[in-house]
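Chemist: Those sequence lines, one after another, are chains G and A.
All the letters of the first sequence, read from the start, carry residue numbers 6 to 145 under the working numbering.
All the letters of the second sequence, read from the start, carry residue numbers 516 to 844 under the working numbering.
Don't read these hints as lab results, they were simulated from the structure.
By construction, the Cβ of each residue, glycine as well, lies at the ideal position given by its N, Cα and C atoms.
Wrong hints could be hidden among the right ones.
[Claimed, not checked] To give a feel for the contact side, a few chain G residues facing chain A, derived at Cβ under 7 Å:
1) 13
2) 20
3) 24
Residue strings, one per chain:
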Amino acid sequence: MIKPLIQGLTLTLKHFLNPSKVVTMQYPDEKWTPYPRFRGLHELQRDEDGKEKCVACGLCSTVCPSECINLVGAEDKNGNRYAETYEIDMFRCIFCGYCEEVCPEEAIFLRQDYELATENVNDRIHNKEKLLVPLKKKSK
Amino acid sequence: MTNAIIIAILAAIKIGIVIGVLLLVIAYLIWVERKVMAHMQVRLGPMRVGWHGLLQPIADGLKLITKEDIIPANASKILFVLSPVIAMIPALLSIAVIPFGDTITIMGVSIDMVITDVNIGILFILAVSSVGVYGILLGGWSSNNKYSLLGGLRSSAQMISYELSMGLSLIGVIMMTESLSLVDTVNAQAGLWFVVLQPIAFVVYAISAIAETNRCPFDLPEAETELVSGFHTEYSSMKFALFFMAEYANIITVSAVGVTFFLGGWRGPFLPPVVWFLIKMALCIFFFVWLRSTFPRFRIDQLMQFAWKVLLPVAIVNVLITGLVMSIL
């Protein structure tokens with residue numbers, strides 16, 4: 006009966022005497038790198054010319070199980086469809102990745118960013134400006 | 516007349532120093548406990564406020580002072596306010612008779628390193644510390660909350676049961692010193708510490724001291740898994756802090772009594788007496804934290820069975836053996 010008690014005490018003392026070994030992460034200072042298939046914040050893609058890939062087909066907002074994608078399509082002067090508004094409610098999104106799977110144009114991807122907490126409730130809705138990949142500066 | 520004034524001034528200075536050190540130690544005990552326990556559980560503990568979280572107790576204190584003080588509806592208001600005080604005062608009071616050093620002489624005035632050497636010292640400590648039960652029981656009852664009430668009832672049952680074996684474990688030592696004064700107890704250990712002569716009593720005292728202070732693995736009054744946080748569920752702000760400080764003050768008291776009765780008090784070679792006393796205290800307190808970070812909690816029936824069926828008979832047998840051996844020698 007006494008032996009397991011002493012075993013437990015020895016184990017905790019061993020860890021105490023070796024303070025450099027810790028398993029926790031000092032979060033805001035150290036950050037965890039997500040795995041490549043991690044489903045984080047969405048990102049709307051552009052093609053090589055910097056044009057939005059999304060053609061506003063509406064498949065993503067249809068397949069979305071939590072109905073968090075608000076998509077309104079429109080046509081530009083050349084007759085190409087594009088998304089006039091593309092908003093994702095981050096409070097409702099469950100990061101299932103169905104939108105990424107269903108997209109025929111490969112226009113939406115779930116990326117690595119997981120720090121989505123906001124101080125303002127209205128910031129929960131990410132609009133197209135927030136979701137789109139920033140335009141690359143043309144190096145040529 | 517001048518003699519009386521000098522004694523009064525000296526007493527005031529001693530009380531001031533002891534209370535100041537005690538409150539500071541209580542504040543930093545919380546930091547030490549969090550830190551030691553964290554490293555035992557392979558974590559880091561507080562790291563943000565100051566170097567390795569050294570200013571954490573100050574931050575916690577400021578937070579608790581500025582927090583909203585909630586008194587629940589239908590609570591018994593007077594008792595609700597009074598019970599943290601009833602818990603805190605006895606915890607501080609029992610330090611008064613603990614000797615923490617030899618008599619020293621400064622400028623012709625000899626100073627005893629004890630606030631007051633009462634000739635019934637240990638009786639005083641046991642009497643005063645059992646008043647602390649009322650604080651916890653009344654705090655649990657006056658909150659008008661079933662978890663608090665259960666926590667308070669459990670706590671009083673536990674403290675009354677373990678007080679018996681605690682007192683009986685000390686009786687062995689008292690029989691050998693033939694004195695209730697703590698100064699005499701320390702003086703009787705000039706040759707051999709009582710932990711060698713009374714090993715069973717020491718083990719019984721250690722176990723019941725942990726139970727008396729409601730510490731893990733005997734922290735049933737605040738068993739989080741069953742009772743939210745026991746008797747102080749409804750307490751917030753400074754009243755909660757008072758309960759918390761009372762718990763740590765009790766740890767210091769039982770460690771001090773244990774050191775005085777079994778580990779030779781302030782006696783030790785080379786270093787000054789006060790330093791020895793503090794080293795022994797620190798080791799005892801470390802043991803408390805060590806146990807907390809290692810063992811899971813008892814069940815309430817196991818706890819009561821252990822107190823009445825194991826600890827109390829062992830303590831009584833110890834008293835008997837001590838008496839027999841003393842009458843033979």
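Chemist: If a hint holds in the structure, say so; if it does not, say that too.
Modeler: We went through each hint and held it up to the structure:
1. The interface hint given for residue 13(G) is met, as the beta carbon of that residue sits about 5 Å from the closest beta carbon of chain A, less than 7 Å.
2. The interface hint given for residue 20(G) is met, as the beta carbon of that residue sits about 5 Å from the closest beta carbon of chain A, less than 7 Å.
3. The beta carbon of residue 24(G) is positioned within 7 Å of a beta carbon in chain A (closest approach about 5 Å), and the interface hint is therefore held.
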